[in-house]
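Chains X and L supply the protein sequences, listed in that same order. For reference, each letter of the first sequence is one residue, going 1 to 283 in the working numbering. For reference, each letter of the second sequence is one residue, going 1001 to 1162 in the working numbering.
Calculated directly from the structure, the hints in this document are not laboratory data. Remember, it's a predicted structure, so these values are computed and weren't measured experimentally. Where hints are given, some of them may not hold.
Claimed, not checked - Calculated lysine-lysine pairs in the DSBU-like style (CA-CA distance at most 35 Å, straight line):
id: 1; chain 1: X; residue 1: Lys-246; chain 2: X; residue 2: Lys-234
id: 2; chain 1: X; residue 1: Lys-246; chain 2: L; residue 2: Lys-1160
id: 3; chain 1: L; residue 1: Lys-1160; chain 2: L; residue 2: Lys-1087
id: 4; chain 1: X; residue 1: Lys-11; chain 2: L; residue 2: Lys-1087
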Amino acid sequence: MSSELSSRVNKERAVLLMIPLLILHLVLLSLQIETPSGTYLLKTWTLAVQAPIIAVSSGITRKIRTVWSRYFWMVGARAENERLLETVRRLSIVNSSYEQVRQENARLHRLLAIGESIPYTTIGAHVVARTPSFLSNVIYIDRGSKDGIHVDAPVISGDGVVGRTVLLSRRQSQVQLITNPDASMGVMLERTRVPGVLRGSGDFLLNLNYIGNSEQVENGDVVLSSGLDGIYPKGLAIGKVVESSKGNGVFRSIKVQPFVDLMRIEEISILLGPAPQGPMQQR
Amino acid sequence: MKYLFLGLSAFLAIVAQMIAGNNFFLFNFLDMALILVAYWAVYRSRMQALFVGSLTGLLLDAAIGWPLGYNGFGKTLAAFAIGQCWKRFNTADQLWVRFSIIAASSCLSSLSMFVLFLLLERSSSKIYLGASLLQALVTAAVAVIIFAGLENYKRTQTNKAH
């Protein structure tokens, strides 16, 4: 009996030792292997594991909210409101791109008489989870690789740029907000066309870097994406300058407030790439 | 000292296999690392055999230029399987039981690596599974012979002492 007990104890100890060793090997592998998109497998696996949990909890809360709003408020008015909001959002994006195209067209016509359009395909998504803002400025959306999304896909709303996708699972994606301390993008000032680099600070305001002290920058100047980073198409609205002063070194110290209310955003669009025809094609 | 010997023996097993495999084709189907792991699980400590499996596997991965962890994962599983099965079944003078345990553990190791290949989107040779089965049979046969020889030697030494 005691030898049986001892054998069972030994077996349990062996299992308790084996499991951490196996996990260690898996972690070691995942730290060395990147997916074709360049992200570490450990991060992708973590996202894949948490995605169903987030999806279920988000679905439940959304269902409860829907039941409350649909059965205790006017159903028709709510549906109409949602439809109109979606239309307004789409039209805002179209209008924003047309305005940039028009300005650029006018500028180039003055110089070289060349026109350009910015066609791109988009797909809508909901924000299903977010990390606390002081941690990482990251949101999760309910679209993934099965919807045709790729890493570094620009994410926008009707008001402007939200961020870019950094991690994908089949059904969910992690979006790095532009306020994330690790986020940066190539931008330019709409009025003077001066290029710079916009960096997140973990705060609600963004830092606009590499604008020289000699440049004219005023509060209210609109900041657009320059397209030079290879991620965000040119001409997307990002924010406006709220603070501008001469820096101690060569460059100005500029703070930019995003147009998008990143704390309250619920629906977004992801840019999938150039559309085959037409300015904006919604999926 | 014991752990130095452990590390050294793991390293030598791998080097020996690489040299032998380069010169004799059949040695390509002999998993000397697994034989070392089996020896540790059977004749020494089953707990230590898990570490032997991990270390041997890591060294093997380094030697063949794979990302570290594939063989470590597989050999750790094999060490656990051999250790548990050797106690559970009657292996005393039952050569076919020993052969089955070692062959099955080798297959388990290869299969776990194949699953890791799939999960980590790593391409593997089309003949990987077939070659692994052949390796399991050859390794098990050689291991059984070696263990039988070791036990005979110990018995002879014991008889001489008495």
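Against the structure, the hints come out as follows:
A C-alpha spacing of about 27 Å is found between Lys-246 of chain X and Lys-234 of chain X, which places the hinted pair at or below 35 Å, so the restraint holds. Between the alpha carbons of Lys-246 of chain X and Lys-1160 of chain L the distance comes to roughly 94 Å, so the proposed pair goes past 35 Å and is violated. Pair hint Lys-1160 of chain L plus Lys-1087 of chain L holds up; C-alpha atoms about 28 Å apart against a cutoff of 35 Å. For the hint linking Lys-11 of chain X to Lys-1087 of chain L, the alpha-carbon distance of about 10 Å falls within 35 Å, and the restraint holds.
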